[in-house]
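2 protein chains.
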Amino acid sequence: MSSTEEIKTFQTLFKYQHSFITFKVISTACELGIFDLLRESGELLSSGTLAEHLKTSPIGLQRLLEACVGLKLLTLEWKDGKDFYGNTDFTNLYLVKSSPKSQYYSMKFYSEVMYPSMQHLPEVVRKGKNQSSSIYGTPNVFEIIYRSKEELQTSSSFLNELWPVLGREVLSAFDLSQFPLICDVGAETFKNHCLPSEDSQITFHAGGGVLIVEMLLDEDKRGPSTAHFYSLLMLVLTEGKERSATEFNVLLRKAGFQKIELKKGSLFHIILGRK
Amino acid sequence: MSSTEEIKTFQTLFKYQHSFITFKVISTACELGIFDLLRESGELLSSGTLAEHLKTSPIGLQRLLEACVGLKLLTLEWKDGKDFYGNTDFTNLYLVKSSPKSQYYSMKFYSEVMYPSMQHLPEVVRKGKNQSSSIYGTPNVFEIIYRSKEELQTSSSFLNELWPVLGREVLSAFDLSQFPLICDVGAETFKNHCLPSEDSQITFHAGGGVLIVEMLLDEDKRGPSTAHFYSLLMLVLTEGKERSATEFNVLLRKAGFQKIELKKGSLFHIILGRK
Numbered sequence: 002m003s004s005t006e007e008i009k010t011f012q013t014l015f016k017y018q019h020s021f022i023t024f025k026v027i028s029t030a031c032e033l034g035i036f037d038l039l040r041e042s043g044e045l046l047s048s049g050t051l052a053e054h055l056k057t058s059p060i061g062l063q064r065l066l067e068a069c070v071g072l073k074l075l076t077l078e079w080k081d082g083k084d085f086y087g088n089t090d091f092t093n094l095y096l097v098k099s100s101p102k103s104q105y106y107s108m109k110f111y112s113e114v115m116y117p118s119m120q121h122l123p124e125v126v127r128k129g130k131n132q133s134s135s136i137y138g139t140p141n142v143f144e145i146i147y148r149s150k151e152e153l154q155t156s157s158s159f160l161n162e163l164w165p166v167l168g169r170e171v172l173s174a175f176d177l178s179q180f181p182l183i184c185d186v187g188a189e190t191f192k193n194h195c196l197p198s199e200d201s202q203i204t205f206h207a208g209g210g211v212l213i214v215e216m217l218l219d220e221d222k223r224g225p226s227t228a229h230f231y232s233l234l235m236l237v238l239t240e241g242k243e244r245s246a247t248e249f250n251v252l253l254r255k256a257g258f259q260k261i262e263l264k265k266g267s268l269f270h271i272i273l274g275r276k
Numbered sequence: 002m003s004s005t006e007e008i009k010t011f012q013t014l015f016k017y018q019h020s021f022i023t024f025k026v027i028s029t030a031c032e033l034g035i036f037d038l039l040r041e042s043g044e045l046l047s048s049g050t051l052a053e054h055l056k057t058s059p060i061g062l063q064r065l066l067e068a069c070v071g072l073k074l075l076t077l078e079w080k081d082g083k084d085f086y087g088n089t090d091f092t093n094l095y096l097v098k099s100s101p102k103s104q105y106y107s108m109k110f111y112s113e114v115m116y117p118s119m120q121h122l123p124e125v126v127r128k129g130k131n132q133s134s135s136i137y138g139t140p141n142v143f144e145i146i147y148r149s150k151e152e153l154q155t156s157s158s159f160l161n162e163l164w165p166v167l168g169r170e171v172l173s174a175f176d177l178s179q180f181p182l183i184c185d186v187g188a189e190t191f192k193n194h195c196l197p198s199e200d201s202q203i204t205f206h207a208g209g210g211v212l213i214v215e216m217l218l219d220e221d222k223r224g225p226s227t228a229h230f231y232s233l234l235m236l237v238l239t240e241g242k243e244r245s246a247t248e249f250n251v252l253l254r255k256a257g258f259q260k261i262e263l264k265k266g267s268l269f270h271i272i273l274g275r276k
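Chains as they are written, first to last, in our numbering: chain F, 2 to 276; chain U, 2 to 276.
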């Protein structure tokens, strides 16, 4: 390896090593309300003004603001030696709480539940299943997630937040006009804290169908990383895993679905199985 | 924003949101000894064989191995329906413990100390300084880091590990032949757990010099992100901050250093100040 190549490779390692800080910069800025305040004010604000309104230390906040600029979440202008910050389009679209496509509660859920859970990944991999009993004192992590009204809002909003971003793609993937009734089974399962028991399982009649919105693993399992990450999150927190298209096909055929169609989406893919 | 652009933007958000999982995949694979075992064996090993040797669940390990493949840390070959894994060059260079340029202990240090500390970033930003007293029960986090011999090894190896990667660049930046004695002050300070007190401060005689190896912030503070991250890590764990070249200049001139030279490195920059 040439020395230039080696430095590039080392920079990749460095990026990986600091990747969790990227996440914490964003979730902290959300939590402190920086993006919401900048959106509401409608003008650039100095770090001093922001710190005053948000009741934080000016030194601490300025350092966080600069990190947000580095990640292109904020703009920074200098006027007479004073720093002025504003939201970028990206931030206004996805991180401001009031945006129709906001992912604010997803970030909160990831920050409060998933980030600390991932600290237990070595233990979970060793045992092959979630360690909620020993970590949270209950086999069902959702008992913890749903402890308070606020936590309930965080995790159900997290599910709802994907819909304004991906809903159009999901609903236009297939002609669903022949189905008079659509029932969201996944969210219901999530809210009821567990996988359905044998006797609460749903029976599909002839003419009925199931629409699955999922990440798909490549057939050779080499990617994509986002599907791998979802599989690991499920391993750490709940049950279940991501599958390849072929594996979904097998699963659906076993359950008696005959006509199976798949449409690749931008991030999630859409599978329709009909009886 | 066109719908294609919007999907690309959303993928960026998604990448940020899952960035901490990238880190935990790598640190967990290091901790479980996957890369070391593959290096020692010198051949591709199946997930079953790896799980047996590493005493982990085959299901849990397979999921972690696949995530490593997605991140290009491992290769995956299929033979007769069985999965076989091997290290990539990247992994052999930086993640295998025995490699001369290994960053194994850095990953361990980041995983055990920095990852959980970052969970307290909102509190630290609010207060403007590290919250070690309330989080760790001591104002000095290094008391915790150095609790055991093993922890001492982890954090001093972390400092030592950068040297084989960056040392050549640092030592060739300037002609240092006029300095008969070189003393590593930074590592000593780190090992002594705190910033030097007034009476342990070093006096430089005429002809003496100080060589600083640091990330540099851009003059307009807009980047680079790695320098912002270092500044935040210092805010969370210790004291200190990153500076721009101009700020270093001011600092050194105040301390009586006259001839100040700067050489940009690949990741860290090198500043020589002479009295």
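Be a bit skeptical, because a hint or two may be false.
If chains are identical, the list can't say which one is meant, so a pair holds when it fits in one copy or spans any two.
[Claimed, not checked] In silico lysine-lysine, DSSO-like type, Cα no more than 30 Å apart, as pairs:
id, residue 1, residue 2
1, 98, 128
2, 276, 130
3, 276, 9
4, 9, 222
5, 16, 73
6, 264, 128
7, 242, 265
8, 276, 83
Please keep in mind that the hints were generated in silico from the structure rather than gathered at the bench.
*asked:* Within a copy, between copies, both or neither: which one fits residue 264 and residue 128 at a CA-CA cutoff of 30 Å?
replied: neither (35 Å within a copy, 50 Å between copies)
*Tell me, please, which holds for residue 276 and residue 130 at an alpha-carbon limit of 30 Å: within, between, both or neither?*
neither (33 Å within a copy, 61 Å between copies)
_Intra/inter-copy verdict for residue 242 and residue 265 if alpha-carbon distance must be at most 30 Å_ = within (19 Å within a copy, 46 Å between copies)
*Are the CA atoms of residue 276 and residue 83 at most 30 Å apart within a copy, between copies, both, or neither?*
Answer is neither; intra-copy 66 Å and inter-copy 33 Å both fail.
_Regarding residue 98 and residue 128, is the shortest C-alpha distance of 30 Å or less found within a copy, between copies, in both, or in neither?_
Classified as between: cross-chain Cα gap 24 Å, same-chain 38 Å, threshold 30 Å.
*Have a look at residue 276 and residue 9 and pick one of within, between, both or neither, based on CA distance no larger than 30 Å.*
neither (53 Å within a copy, 35 Å between copies)
*Measure nothing new, just compare the shortest in-copy and cross-copy C-alpha distances for residue 9 and residue 222 to 30 Å and report within, between, both or neither.*
both (27 Å within a copy, 23 Å between copies)
_Up to 30 Å CA-CA - residue 73 versus residue 16, copy category_ = both (16 Å within a copy, 14 Å between copies)
Hint compliance for this structure: hints 2, 3, 6 and 8 are broken, all remaining hints hold.
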